[in-house]
Amino acid sequence: MLQISEQSFSSRLLLGTGKFASAQQMSDAVQACGSELVTLALKRLDLQQAQDDILAPLQQLGVKLLPNTAGARSAKEAIFAARVAREALGTNWLKLEIHPDPQYLLPDPIETLAAARQLVEEGFIVLPYCHADPVLCKRLEEVGCSAVMPLASPIGSNQGLKSREFLEIIIEQSQVPVIVDAGIGRPSDAVLALEMGADAVLVNTAIATAADPVAMARAFAKAVSAGELAHQAGIAGTQPLAQATSPMTEFLEAL
Amino acid sequence: MCCESKMNIILNHQPYEVEDDCTLYQLAQLLPRSGQGLAFAIDGEIVVRSCWPEYQLCAGQQVSVFSAIAGG
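First to last, the sequence lines map onto chains A and B. Using the working numbering, the final residue of the first sequence is 255, and nothing's skipped along the way. Using the working numbering, the final residue of the second sequence is 72, and nothing's skipped along the way.
Check each hint, because a few of them may be wrong.
Claimed, not checked - Covered, in the sense of this in silico footprint (three residues per stretch, anywhere, with C-beta under 8 Å from a C-beta of chain A), are these stretches of chain B:
hint, region
1, 11 to 17
2, 20 to 33
3, 43 to 52
4, 61 to 68
Don't read these hints as lab results, they were simulated from the structure. Keep in mind it's a predicted model, so treat the numbers as computed, not measured. Note that the Cβ used here is the ideal one computed from N, Cα and C, for glycine as well.
Construct the entire structure; sequences and hints are all you get.
Rendered as structure tokens:
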């Protein structure tokens, strides 16, 4: 079971709800993969255009909502967004994300740490999106974050675990769940993350923009299970030289 | 004959006509899902839901309303 703060989850796959063709498709993907913790964004209500209601299907599915602070460029904006999210959705769970750079959407570590400290004090369950920086992740843990969410590669890039070596250090050192977020591009990336010992992964673009998002959601669910099982089974070490698995030489000597 | 009085507030930077004595709660009823999943902020301060019934709006008041949308 994935344990975050006081809550347990059967699924180690968090799902982002962005980029789906419709709320129905998003809902179908959630059901297909069994995700129990899904992210949402907040924005000013568009009074001119009706928005696809994603809240109703998610509430019907009974998943836990994890609003994010996407769009915030500073700790101050993120803190405001967090309070808006809590008021709108009635949850104190929060994915803290502050990425002022529009090109690479890399998280601002200084603003993130400052916001995390304040939001933990205000009673939020803070899951901060951050770079795969082991020192930063330890600082976020120390200020009371309930998990850390280091990136694999830039948001939406599908580049996979570019930060692998640093994720390994974070996983080794973290006392809170490590949820690999951003840039996971295919199910094999999710397998690898779980094999490495990550507690969970968050996937959005790779599922929502797949040719068949619902099938891809299903594939990711299997990948996360496979990775977790492999990690628990104890992966055999690598060897620099070949190690025979069949007694070939004895057969040849008999001739 | 009684005439209904209306006033304009500024809702998400747009003029929005409401009744003269409109409260935040009444404004919420005019919006999608009757305010469910929405949050209001006035002058940068969030007004909690329990205060909506008593919060009287004024003409020209800048009101921000936020809702949940899809996002990762």
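Hints, verified against the model:
no. : hint     : in the structure
1   : 11 to 17 : holds (count 4)
2   : 20 to 33 : holds (count 3)
3   : 43 to 52 : holds (count 4)
4   : 61 to 68 : holds (count 5)
Checked against the numbered hints given earlier, this structure breaks none of them.
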